[in-house]
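Each chain is listed here by its residues.
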Amino acid sequence: MSSAIRIEQLVKTFGSTRALDGLDLEVSPGEVHGFLGPNGSGKTVTIRILLGLLRADSGTVSLLGGDPWRDAVELHRRIAYVPGDVNLWPNLSGGETIDLLARLRGGGGRMGRQSVDVVKRDELIERLALDPTKKSRTYSKGNRQKVALIAGLSSNAELLLLDEPTSGLDPLMESVFQECVLEATAEGRTVLLSSHILAEVEKLCDRVTIIRQGRAVQTGTLDEMRHLTRTAISVATDRPITGLDSIDGVHDVTVDDGYVRFDVDAAALDGTIRHLSSFGLRSLVSQPPTLEELFLRHYGDELAPANGERERAAP
Amino acid sequence: MTGLTIDVLPGATAVQASHVDPPSGASFTGTRRLVWLVLRRDRFRIAMWAFGLVGLMAVSASSIVALYKTQDQLEGYARTVRGNSALIIQAGPGYGLDDPTLGAVVMNETAQWLFIAAAVMSMFMVVRHTRTEEETERAELVRAAPVGRHAALASAMIGALVVNAAIAAGNVVALLAFGLPAAGSFAFGASMIGVGMVFAGVAAVTAQIASGSRAALAMAGLVIGVAFVLRAIGDVGNGVLSWASPIGWAQSIRPYAAERWWVLVVPVAATMVLAVVARALQDHRDYGSGLVAQRGGRPEAPASLSSSLGLAVRLQRGSLIGWTVGLGSLAFFYGLVADQAEQMIEDNPDMADFFAQLGVASVTDAFLSTAMLIMALFATGFTVSSVLRLRSEEVSGRVDPVLATPVGRRRWAWSHLAVALVGTVVLTFVCGLAMGAGAALVLGELSRIAELTAAGLVMVPAMWLLAGVTLLVYGLLPRWSLAAWALVAWVFVAAMFGILLDLPQWLLNLSPFQHVPALPAAAMSWPPLAILTVIAAALFAVGLAALDRRDIAGT
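Going down the list, the sequences are from chains A and B.
Just so we're aligned: 86 in this note's numbering is position 86 of the first sequence, and the numbers increase by one with no gaps anywhere.
Just so we're aligned: 430 in this note's numbering is position 430 of the second sequence, and the numbers increase by one with no gaps anywhere.
So that you can see chain A by itself, here it is in the shape it has in the complex (with noise of 0.2 Å):
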């Protein structure tokens, strides 16, 4: 088992829609995956798969070397959960809650019971500032996102399947979350974070894969993402510079108070940079692309209408 979590070709349909049309993903242990994609493109069904509450159409998915259909039961002693929308039992409190998601986790015997983590659980309330008295219909969205997320982490699970576990989170109370799961995989701990927030995939994840339309259109470190794409150069230089327009992989020059501003192809770099050295570089600024450039670019086609004061190309 080297995987721990390994899905080819899956497909899943509901009536005419198709919901994933042939995605890949594989996160290997230990690491921290991002699972980036907007709404709608397939996060929540494939980690509904991955639990077993959705049956896939066709593929292969392994989850921790079982089958996530067949081997429910077994597989989820090893996993926690954190949904993204998260719906609590209206008349259960916080601590309640927390308590009994934890036991069924347990396995529901005696010693199952005993394997409740109080202190861990004791902890996190503190450090998630939750009142644990309170009914849970009384409870906002970021509290019971909390509420979701303190059952999910006190647990020791080897994977954490987390859906954009803190949509509903503050700013203090995000960052508290990502002390959780760094602390998490120091432990040894896997963990599959499906999130839009992209600040937090960048602080977070050794690995992304970006889906789009039930399908995955990129996977690999950030490092090599950046690779991939494009940077962005402002560049000044004693000559103007000319023949620019003409080299292949530059794209978008607009020329402002002197200086000359394109983004550029990762494979284009060397030749542009040497094409702009012959006008005697005066400045040379280049900026790697951040990963909500890397997001935007796969989905630029999509958001550029609905964007309008955004100028930004489609690939």
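Hint data in this document are derived by calculation from the structure and do not stem from the laboratory.
Cβ atoms here follow ideal geometry from the backbone N, Cα and C, with glycine treated the same way.
Some hints here could point you the wrong way.
These stretches of chain A come out as covered by chain B in the derived footprint (C-beta under 8 Å, 3 or more residues) [unchecked claim]:
#: 1; segment: 75-83
#: 2; segment: 132-142
#: 3; segment: 281-292
Dock chain B against chain A, hints included.
Relative to the frame of chain A, chain B by itself:
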């Protein structure tokens, strides 16, 4: 809704310095649009209720018209019914049966049930569009729009009025179509709207008081139950208590029996008062919570909350207690009037013949077995709603974190089913015991307690079978889960109206209750109970197998 606005007049002096009153009626801004939203969202439910209630009236009226062709036949019916306490409890005082007309007979057979149905429908509708809505985040979206504070309440009430009026209109058309007099038909329509709207008002008030939507429904449901009992006691007695009951008001309009139109003032006034009270109470509560504050919970789960069964028990405990107390009280009450049944034989020789033909030894036994059947039909409401918890847990997404633990689907499903099945036993046991206690008290026969407890418990296999059908629908066609209620409605109609409607025997036999020995009137018989149980078990097996194979719905 001008009837609801009591705004401070401009220039009134008692206004606090910092407090500026909004323009008159501003708190109702947006009501009209919300009424459309209410009707739009409920269109299928409304269609179901309208279909059911108008259809029930139409088939009842048609069969009565076909059954009672001569004045002699009408007189015969009246003699059987009049002054019979046991029947009066169920049907009302029988206005107009002194000089019976078709209209009076139709009313006696149908009106009570339609009144209760209108009350229940209105209660659900108002609570759904007020407190239930506030428990989702949808209502916040609405409230954040330029929509007044009281608009949701007003739109729920107006929506209830529209629906009640539409269903009443359908009933009027049905009655007119069978050639019944116009005055009585319209009077019945008006009385239905009256009873529906009073309970819409009751629900509007409980929605402000209760700590949550379920509690609001429970409180309003209790009021409906009390109204039924007050009316029943009043009708059997001197009639005074009936005036304390909105259902009593509705029947006192006396359709087809020298209509008393002025009585309509009572439900109209009561509805207005309730609406004004609800509005005033709403100003004293916070959005999303009731006047009764939500109690704090425990910081840690008790030991009982350690398994999916523990969770199911915790989630359904309140509902089971409510059903048990409510139905247990009703059963006790039925037991208390058991001695009245014997009386009608003495008063009415026709009845004696009637029962002799049926081959029933004791009228009291016949009455008690019918009463127990009614209790079981009501209790089936618990059984089915308890099984349907599976569906509500699923569509709310609350099942996901449970199934993400090492709790398998079957174990999770069995947890709720166990509560449904055991709860059914508890409920019928308590009903039987309570009815037996009541009967023992008035008849002076202690043996009645054991006898009627058994009469309650024999209903269990039939109710389990209906639980099995519900589970089967849930497992195979989860989107159609609510259709299980249609089944409950069918079983009810088959049992209560089967003879009246002259339904073919094979159709009646589809109801499991048809096969239950009608203790204490009939002798005990084990084979049908065993067969019902086996069928129920098979349905459970297929339903669970289907659940194992399908997707769990997301939110």
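A quick look at each hint next to the structure:
no. : hint    : in the structure
1   : 75-83   : holds (count 6)
2   : 132-142 : holds (count 7)
3   : 281-292 : violated (count 0)
Violated hint for the displayed structure: number 3, the only one.
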